[in-house]
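With the hints as constraints, model all of the structure from the sequences given.
Chains as they are written, first to last, in our numbering: chain A, 224 to 376; chain B, 285 to 670; chain C, 149 to 587.
Incorrect hints may appear among the rest.
To be verified - Derived SDA-like pairs (lysine to any residue); straight-line CA-CA distance at most 20 Å:
hint, chain 1, residue 1, chain 2, residue 2
1, B, Lys-332, C, Leu-301
2, C, Lys-196, A, Tyr-259
3, A, Lys-240, B, Ile-566
4, B, Lys-448, A, Met-328
5, A, Lys-232, B, Gly-648
6, C, Lys-550, B, Gly-648
As the list claims (entries may be wrong) - Derived DEER-like restraints, expressed as beta-carbon distance ranges:
hint, chain 1, residue 1, chain 2, residue 2, range
7, A, Arg-355, C, Val-502, 50 to 60 Å
8, B, Arg-350, C, His-298, 32 to 42 Å
9, A, Glu-262, C, Ile-169, 51 to 61 Å
10, C, Ala-485, A, Glu-284, 35 to 45 Å
Said to hold, decoys possible - Quick partial rundown of chain B residues pointing at chain A, CB under 10 Å, derived from the structure:
hint, residue
11, Phe-364
12, Thr-455
13, Gln-640
It is worth saying that the hints were derived from the structure and are not from the lab. Glycine included, each C-beta is placed from N, C-alpha and C at the ideal position.
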Amino acid sequence: MGVAPLLRKVFMVDLLKGLSVTFRYQHPSQVCTEQYPLERPQIAERYRGLPRLNVNPETGETLCIACNLCASACPEHLIVVESERNPVTKRKEMKRFTLDVSRCMFCGLCEEACSTDCLELSQDYELAQYSRDGLIFDRARLESGPENTVYSR
Amino acid sequence: MTDVTKSTTSFYEEDTGKTGTFLDANELILNMGPQHPSTHGVLRVILKLDGEKVLGTECIIGYLHRGVEKIAENRTYTMFNPYVDRMDYVAAVSNGLGYCEAVEKLLNIEAPPRANYIRVILTELNRIASHQLWLGTHALDIGAITPLFYTFRDREEILKIYEKFCGARLTTHAFRIGGCSYETYDGFEDNVKKFVKFVTPKIDEYEELLTTNRIWVERTKGVGILSGPDAIALGVTGPVLRAAGVKWDLRKAQPYACYKEFDFEIPIGENGDTYDRYLVRIAEMRQSLRIISQAVEKIPDGPIMAKVPKVIKPPVGEIYHSIEAPKGELGYFIVSDGSTQPYRVRVRPPSFVNLQALDKMVRGMLVADVVAVIGTLDIVLGEVDR
Amino acid sequence: MLEYITNYLNSNLTPGQAGNIFWAVVYILLIFAGVSAAVILMNWGERKALAHMQVRLGPMRVGPHGLLQPFADALKLLLKEDIAPSEADKMVFWVAPLIVVVTAFTTFIVVPFGQTHAVTDMNIGILFMLGVSSLGVLGIVTAGWASNSHFPLMGGLRSSAQMVSYEIAMGLAVISAVLMTSFSGVGPFGVGGEGTGSGTLSMIGIVQAQQAQHVWFVFKLFPLGLIAFGIFAIAMVAETNRAPFDLPEAESELVAGFHTEYSGFRWSLFFLAEYAAMVAVSSIAVTLWLGGWLRPFTYWLSGSGWDTAFSLFPGLTFLVLAGFTFFNTVRMPKHPALKIQTVGLGVFGAILGVVGLLLFVPGVRERIQDIYWFSIKVAVFMYLYIWYRGTFPRYRFDQLMKLGWKVLLPVGFGVLIATGLIGLSDQLLEWVKGVMHWA
Chain A
224 MGVAPLLRKV FMVDLLKGLS VTFRYQHPSQ VCTEQYPLER PQIAERYRGL PRLNVNPETG
284 ETLCIACNLC ASACPEHLIV VESERNPVTK RKEMKRFTLD VSRCMFCGLC EEACSTDCLE
344 LSQDYELAQY SRDGLIFDRA RLESGPENTV YSR
Chain B
285 MTDVTKSTTS FYEEDTGKTG TFLDANELIL NMGPQHPSTH GVLRVILKLD GEKVLGTECI
345 IGYLHRGVEK IAENRTYTMF NPYVDRMDYV AAVSNGLGYC EAVEKLLNIE APPRANYIRV
405 ILTELNRIAS HQLWLGTHAL DIGAITPLFY TFRDREEILK IYEKFCGARL TTHAFRIGGC
465 SYETYDGFED NVKKFVKFVT PKIDEYEELL TTNRIWVERT KGVGILSGPD AIALGVTGPV
525 LRAAGVKWDL RKAQPYACYK EFDFEIPIGE NGDTYDRYLV RIAEMRQSLR IISQAVEKIP
585 DGPIMAKVPK VIKPPVGEIY HSIEAPKGEL GYFIVSDGST QPYRVRVRPP SFVNLQALDK
645 MVRGMLVADV VAVIGTLDIV LGEVDR
Chain C
149 MLEYITNYLN SNLTPGQAGN IFWAVVYILL IFAGVSAAVI LMNWGERKAL AHMQVRLGPM
209 RVGPHGLLQP FADALKLLLK EDIAPSEADK MVFWVAPLIV VVTAFTTFIV VPFGQTHAVT
269 DMNIGILFML GVSSLGVLGI VTAGWASNSH FPLMGGLRSS AQMVSYEIAM GLAVISAVLM
329 TSFSGVGPFG VGGEGTGSGT LSMIGIVQAQ QAQHVWFVFK LFPLGLIAFG IFAIAMVAET
389 NRAPFDLPEA ESELVAGFHT EYSGFRWSLF FLAEYAAMVA VSSIAVTLWL GGWLRPFTYW
449 LSGSGWDTAF SLFPGLTFLV LAGFTFFNTV RMPKHPALKI QTVGLGVFGA ILGVVGLLLF
509 VPGVRERIQD IYWFSIKVAV FMYLYIWYRG TFPRYRFDQL MKLGWKVLLP VGFGVLIATG
569 LIGLSDQLLE WVKGVMHWA
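Listed below in structure tokens is the structure:
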């Protein structure tokens with residue numbers, strides 16, 4: 224072996240290099256942990272979270288026209304839209320809208336299929352519930368949008 | 285060969301014909317069960333040991349089988365796109381690329397150049413992310429517990445880019461049949477350029493921690509040797525094949541997307557041992573950065589989606605299209621019967637084929653090396669079992 | 149009776165030498181408490197330091213910045229169900245953790261925290277420590293055997309083989325250091341003189357020899373002292389089954405280690421014994437090579453001015469820690485759930501500050517000197533242990549044994565022979581002269 228590699232081996236230069244890397248990272252400014260739930264992560268605008276049913280901001284009426292395109296686009300057939308024909312305007316109006324979140328894969332195909340701006344995937348990711356049935360979200364929950372869970376402890 | 289799980293006689297009895305007790309046999313059957321910290325998923329490996337030396341292995345897979353290929357027969361082509369990400373969940377974008385390109389070939393359409401550039405950038409970012417995860421977990425198996433955190437921290441930046449682009453970090457569903465679904469967001473090019481500048485010294489840092497470290501070298505040099513002819517005979521692809529000295533990369537051999545327009549090299553190794561595979565993957569990360577820096581400079585303007593019919597009904601036929609995923613050759617064989625749902629989708633997962641080389645690589649090694657070799661093959665059980 | 153207790157305080161002897169049983173028991177209890185406190189601190193320190201090396205934070209929620217985490221862990225382990233395998237040998241299963249813990253703590257009888265601050269100063273001190281820590285291997289083998297399962301058995305056998313091999317290298321390094329105590333020359337290269345000095349195996353005697361020779365043995369006969377220290381430093385990491393030599397207890401290997409079948413309190417005994425053994429071998433290293441309780445530059449920077457300056461260090465250390473704590477208290481997030489933690493951290497900082505100020509008092513300052521310098525040096529070693537764990541991959545078992553037998557052993561022999569030859573060099577010179585004269 225040459226002289227330089229032999230000296231490097233005896234003086235454990237390679238081990239010291241490794242030690243210096245870990246030593247450098249000990250500075251508290253290098254920490255990259257986000258202390259959830261004290262600090263919430265920054266979510267991108269296009270984040271595919273829980274779907275949300277948009278309402279007309281002025282009238283408060285839903286924008287859904289019950290075209291059923293989202294239900295047919297869903298790969299898992301999780302959306303059920305019930306509608307009834309309004310006798311006055313002769314248009315279909317959405318009556319019930321359920322989404323089974325337990326099997327939803329948040330793929331966004333329903334959002335792409337929606338013909339109006341109604342169904343949109345929001346930034347809601349805190350979706351834990353206490354029971355299986357609680358995971359079938361109805362219209363009210365879907366219209367209310369993201370609820371930021373508050374942790375008291 | 286008798287089913288190892290059911291036989292009550294030992295290998296000793298079967299091989300020699302003599303009966304004996306556990307103490308007489310000089311072999312021990314050890315079960316590295318589905319729940320194990322270092323089998324990278326639910327993989328069961330049955331080892332036949334002679335003291336510390338491994339005499340043979342048998343892999344039992346299927347613990348993560350979800351019937352993805354069967355699901356494909358009941359979904360339309362667009363509906364099946366999100367399922368494809370879930371196979372190799374570490375490198376989801378590559379899966380999507382392979383599937384979309386296969387269906388596009390079946391439909392005989394081509395994605396526009398802008399979409400191709402975006403696809404290449406995201407796929408190469410995916411390659412870096414996959415190799416970083418591999419490096420972290422492989423180092424963890426061998427005992428170095430810190431590189432895991434460093435690689436995951438750097439991988440976060442890539443996942444943030446994915447999140448801003450398509451809305452999800454892991455199961456991205458980034459591409460559609462015919463192009464990309466989303467236009468790039470404002471600041472995409474800046475983000476990517478900043479990322480390249482951020483990660484180049486980090487890769488040097490991983491090397492500083494591991495490449496010359498004598499303990500690392502001793503643990504990985506000469507361990508799990510797979511020679512070139514053996515690799516080709518077993519059908520192994522990806523960095524495992526390239527570390528054995530065979531210069532075969534689908535991005536150069538059968539170019540897809542727009543790889544022809546970029547200038548990059550294919551790193552190859554010499555001995556085909558674990559150390560060479562490590563060096564090849566680190567070099568691949570650097571070459572990916574090279575491709576990304578070239579691509580992000582010259583993204584052309586234009587549409588991001590080709591003219592695709594609303595209801596995708598490919599003509600009757602079949603096609604096999606493969607891409608160079610981070611783990612090897614990922615292939616899709618799609619048989620269409622003219623309806624909106626494919627008749628058969630068969631996925632050729634690289635990890636599944638690479639796993640078959642485990643037996644050859646591990647014979648004669650010590651027990652502690654089995655863990656290192658499983659790590660170096662870079663298997664993802666989601667892909668192996670589908 | 150009271151006289152018996154108080155007249156020890158004026159003597160300048162260890163309780164063992166003075167024959168005072170009361171103070172011996174007091175010292176034993178103090179050492180037991182001290183080592184347990186060190187283990188608790190080490191638990192917290194390891195998790196936090198390792199976490200920071202891995203760019204994360206470690207425990208933050210249990211107490212302010214995780215300070216109550218060790219207590220929570222201890223409580224959990226005490227309340228856990230004690231499972232014993234049905235086929236296990238009950239008696240041996242019960243006894244194995246005891247052997248390990250007892251041997252680990254017994255070694256502390258001779259560890260000198262100061263000039264007279266040892267329970268007893270046996271004149272075979274270092275031999276006693278090495279011998280008793282070797283007994284710990286018995287506990288490990290019995291633990292592996294008693295579990296009645298071949299994973300722990302193989303793990304226990306591997307672990308004991310590793311410990312025995314590295315004890316030989318440790319022993320050789322120790323002999324080199326003990327040889328150096330017999331030199332009477334002063335300074336790094338001084339060896340004999342008119343006659344050689346008196347060599348000693350007693351721990352206090354070894355530190356006094358370093359004091360008399362005005363140099364720590366790590367710098368003596370440079371580089372021989374350094375190489376011996378290096379051998380001991382590597383061997384002690386292997387002896388305590390820590391990274392990078394922790395194959396027998398690694399999680400990602402197939403053989404899970406000798407303490408697989410132990411749960412709850414019994415497992416915590418193994419854990420306690422491991423950390424106590426770490427402190428014990430670090431104490432050996434500090435005593436033999438790093439001058440024990442001596443402050444840095446005892447000879448070169450002597451005089452009462454320097455003495456006073458160095459005696460300010462204990463108080464300063466505590467004040468720095470208190471300042472750091474207050475800094476972190478101010479930086480705690482203003483969340484209602486964290487109010488108690490912020491207050492607690494502030495109180496802790498205040499306590500540290502008060503202790504620091506107390507250590508400035510002239511009477512206390514002198515007495516605490518020795519213990520402080522000894523503890524600081526041992527703390528540096530503990531940090532090194534954590535640093536190695538965070539950085540290095542693991543050695544495979546055959547490579548580990550190869551290192552112990554094929555590398556450390558020959559180098560240890562070489563250092564020993566070289567130290568002996570150089571140490572006896574003047575006598576050797578005389579002999580050669582005599583031979584030449586005769587010839």
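We went through each hint and held it up to the structure:
{"no.": "1", "hint": "B:Lys-332 - C:Leu-301", "in the structure": "holds, 18 Å"}
{"no.": "2", "hint": "C:Lys-196 - A:Tyr-259", "in the structure": "holds, 18 Å"}
{"no.": "3", "hint": "A:Lys-240 - B:Ile-566", "in the structure": "holds, 18 Å"}
{"no.": "4", "hint": "B:Lys-448 - A:Met-328", "in the structure": "holds, 18 Å"}
{"no.": "5", "hint": "A:Lys-232 - B:Gly-648", "in the structure": "violated, 29 Å"}
{"no.": "6", "hint": "C:Lys-550 - B:Gly-648", "in the structure": "holds, 19 Å"}
{"no.": "7", "hint": "A:Arg-355 - C:Val-502: 50 to 60 Å", "in the structure": "holds, 56 Å"}
{"no.": "8", "hint": "B:Arg-350 - C:His-298: 32 to 42 Å", "in the structure": "holds, 35 Å"}
{"no.": "9", "hint": "A:Glu-262 - C:Ile-169: 51 to 61 Å", "in the structure": "holds, 58 Å"}
{"no.": "10", "hint": "C:Ala-485 - A:Glu-284: 35 to 45 Å", "in the structure": "holds, 41 Å"}
{"no.": "11", "hint": "Phe-364", "in the structure": "holds, 7 Å"}
{"no.": "12", "hint": "Thr-455", "in the structure": "holds, 7 Å"}
{"no.": "13", "hint": "Gln-640", "in the structure": "violated, 31 Å"}
In summary, the numbered hints that this structure violates are 5 and 13.
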